Amino acid sequence: MMRTHSLPVKFENSSQKMLAAGSRIAYSLLSLPRAGKQVWTGPDDLAAQPCRLRYAWQAPGRSILEFEDGSPRSFDSNMQPIPASAPVIEFREVAYVLPNGQPLLRDLNLQVQRGETLVVLGRSGSGKTTTLKLVNRLLNPSGGEVWVNGVPNAETDVIRLRRSIGYVIQDVGLFPHFTVERNIGLVPRIEGWPTDRIHLRVHELLQIVGLGKEIASRYPYQLSGGQRQRVGVARALAADPSVLLMDEPFGALDALTRDQLQREFLLLQERLNKTVVFVTHDLREALRLGSRIALMEAGQLVSVLPPQDFVRSTDPLAAAYVQAFGEGLNSVATRGSE
Amino acid sequence: MNVFHFFLQHHEEILELTLEHLWLVGISTLLAVVIGIPLGILSAHWPVWNKPVLGTANIIQTIPSLALFGFLLPVPWIGARADRLAILALTLYALLPVIRNTYTGIRGVDPSVVEAGRGMGLTGRQLLFQVELPLAVSVILSGVRVAVVVSVGLATIAAAIGAGGLGEFIFRGLAMVNNQLILAGAIPAAVLALTADFALGWLERRLQPR
Chain A
1 MMRTHSLPVK FENSSQKMLA AGSRIAYSLL SLPRAGKQVW TGPDDLAAQP CRLRYAWQAP
61 GRSILEFEDG SPRSFDSNMQ PIPASAPVIE FREVAYVLPN GQPLLRDLNL QVQRGETLVV
121 LGRSGSGKTT TLKLVNRLLN PSGGEVWVNG VPNAETDVIR LRRSIGYVIQ DVGLFPHFTV
181 ERNIGLVPRI EGWPTDRIHL RVHELLQIVG LGKEIASRYP YQLSGGQRQR VGVARALAAD
241 PSVLLMDEPF GALDALTRDQ LQREFLLLQE RLNKTVVFVT HDLREALRLG SRIALMEAGQ
301 LVSVLPPQDF VRSTDPLAAA YVQAFGEGLN SVATRGSE
Chain B
339 MNVFHFFLQH HEEILELTLE HLWLVGISTL LAVVIGIPLG ILSAHWPVWN KPVLGTANII
399 QTIPSLALFG FLLPVPWIGA RADRLAILAL TLYALLPVIR NTYTGIRGVD PSVVEAGRGM
459 GLTGRQLLFQ VELPLAVSVI LSGVRVAVVV SVGLATIAAA IGAGGLGEFI FRGLAMVNNQ
519 LILAGAIPAA VLALTADFAL GWLERRLQPR
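Respectively, the protein sequence lines represent chains A and B.
Residues 1 to 338 in my numbering are what the first sequence spells out, letter by letter.
Residues 339 to 548 in my numbering are what the second sequence spells out, letter by letter.
In isolation and in its complexed conformation, chain B is listed as follows (with noise of 0.2 Å):
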């Protein structure tokens, strides 16, 4: 029985668990993204806060993420299920290229057009929404590309756990020593990667600024 024909017979469960991996990616991201991008304003527009929001989302990535989960399984509530768990841990992981680009983005808005707004009288938010997020909306963007295909390839160890998604058919075939297994978790998860990384990809260059 080859590759092909395997997935033609489980497509039914592949499919559940490719859902599964999408639901626990896409709610990490859409968190991180919320978190992310205003610590990334608050440190480019207060130096103070620079060193201690990047610094902290550094260190969280050092940490190994098999670690990561068995620190965060004591956690009340948290700890109490595992997809709860698996969505914390890859908010994290996924929080330093969102902050980090969001960070370069508005710093490298051309400080004259900076000064020109507010030396027209637009107050902070007017800048921040008018001007700033705007012209750093690519360079954020590739920052949320960066953590959406960092997250797929992580979202399969949150099976290790029992979080479910496509990490289930590796570790399942990695127990049984069976390749068409590890290929069935192994495949969809790379085709996902691939379709969020050129999906993201063409929406950041639709929407750079000239």
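This is chain A alone, in the form it adopts within the complex (with noise of 0.2 Å):
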């Protein structure tokens, strides 16, 4: 890939000169692009509101502009918009293998749509973590090819990349030496966002996390494990990505903990419309959480089925989990449909 613009985020900028609508806009902002200037993104734009450039970057065979609110978006040579596939998250023929030559997933063809809440369900070892690492690029791989937001992955800005997808993980992963306030509020410290309204944001995801104005100062040795495992996520919906990669979050806490976090995921599902791509072990999560659920055994994937379909499932694996989780499945797989 390469990069030719990187651009400093300016806000206070954004009242100047305002562009005209169309898409040759896109060609003279990549000749001269400024960020911060409010342009028209052209006909697909989703509320034909005035956006402000965040950055620019070309690929081959494309130019991808990064607007403030929003997924990247393509345009072709002619500079003609690229429509946004359908899948936000796709996987093609994708193949892992450890540098010792290690294979750790084969043949992997998978598509995530916009808006819904992708379980992968697997023992440890299955490749699922693996999977999730493919998508913001903690791991390449060694075949095949990731997209994500219409964009092959081996073509994007990794760092843009990673800012775009919010990432929760098992052991939470908080700087110890930061208080809650500047944990949540990093990406968009280093995105460029004025002080003020880094504030207004960290409070306000507090709030949607359910924790308290008083959290904010506290350093994360002086919360419990729930309230940890929240600062994550609120820390990984900071700069308002469109995707969310969840690895086991709540795998490492007591059961009530778990069970109020899993309630208030369905209820913040509802209500930010992410993307998800959600790793259990746990069935039962699975069948809670999932629109879809993905099993994967042995580096490979063996079903993709909606959790009313995976309780009946007959396939021997899936029948397996089912049988292992027990009595009650199908009152937790149907939950949506009642």
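Just so you know, these hints were derived from the structure itself, not from any lab.
Please read all numbers here as calculations on a predicted model, not as lab measurements.
Backbone N, C-alpha and C fix where the C-beta goes; we use that ideal spot for every residue, glycine too.
Across the chosen pairs, the derived CB separations fall in these ranges:
| no. | chain 1 | residue 1 | chain 2 | residue 2 | range |
| --- | --- | --- | --- | --- | --- |
| 1 | A | P152 | B | A537 | 49 to 57 Å |
| 2 | A | D196 | B | E354 | 53 to 61 Å |
| 3 | A | D76 | B | T461 | 25 to 33 Å |
Make one complex out of these two single chains by using the hints.
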């Protein structure tokens, strides 16, 4: 990927000259890009609102513009907008082999649609975490392609890609030397948001994840496990990414806290409508949270089924899971249709 | 005449040599920090560098100090002035604790914190300066502390090649079989070492991340 422009965000310039509508704009922007300028993003623009340009860069065969609100948009060589493809995340024939030659993933084909929660279910070593890390390029595939927001991952700017994706892990990984407020506000801060806006955003996020204002000035070691993971979720949501990756986020919590956080996750998801990839080994959690469940075993995708179908599946592995988790799963799986 | 009187009588010379001593230790420690921390970061981030860097620093450490002064004597520019030579030798000795502790400190940062930072889209530089170094700072400082304390002692030997410092008193005292002279060098050196140890230890605790 050839990155031609890296533009610092300057929102205070946003009231400058507004440019006329149409895709030609993209061309003039790329030849003379200026961050913070308000531009019309062309006929495919969602609300035909002027958007502020954040970054612009070029990849083979396309130019990519990232606006303040919404995901990066691609333009072809004639500067015509390339419509955002339907799946937000797409795995095409993806393989991943460790440097020592041991294969972890084979022939992975998977699509994640906008606004859905795709749960990747599987036992340890089945390749589910690897799958997740391929999305934000913490790992790069040995074969095949991963596409995010209609752009092949290999061509994106890896830092821009990661900042447009929220990432939540089981160990949370809060920065121990930062207060909760600085933890949550880190990405907005390095993205150059003004301080008062970061402050407002942090308080809004604390409220969204069900924490009080007084938490903001505390350090991670002063929080309980549940509070920590709430802060982790708030931090991932800070710059309002459209995609959220969650790697067993509730795995280390006690049963009551886990139940509560799962319930709040469903409410949150109803409200924010993010595209979520959620990794777990807990079938109950998968049935409860997922709109679809991707079952993995030994580096391969076994099946992708909605929860209702999963519990009735005749696939031996799915059936084994249902068996192992016992009775009462049907009621969990059908929670959406009641 | 007891030691106390001797100190009173020679306080000007003692002060002068103490400052000279401090200069040798201070400059060499500064150089060791400026060179050692980047080398520590290098070996922590790129395992290929780990063995050659730490190995070399280790080997330097095993060279007897008097021998090292001797080895460096024929080196052009460096060998021309005794204080340059002493500073270079002290720097070389101070490198190992600084490099090793930088390496240990950075490798000791919780992997989940680093993973979260990378996943959030921090650049390598942001991760280093905002996460890894702040979290490793107290470990790095304890390496600097060891380096300083060792340097204060080693710098007394620098007087053997005429670089000055409190070693002057010690060598003179040894030659003249005069215990008071030896103590005039040894006591301020010990006080310097203890003060530096205490001050850096205090700073280290202050900077300890919770």
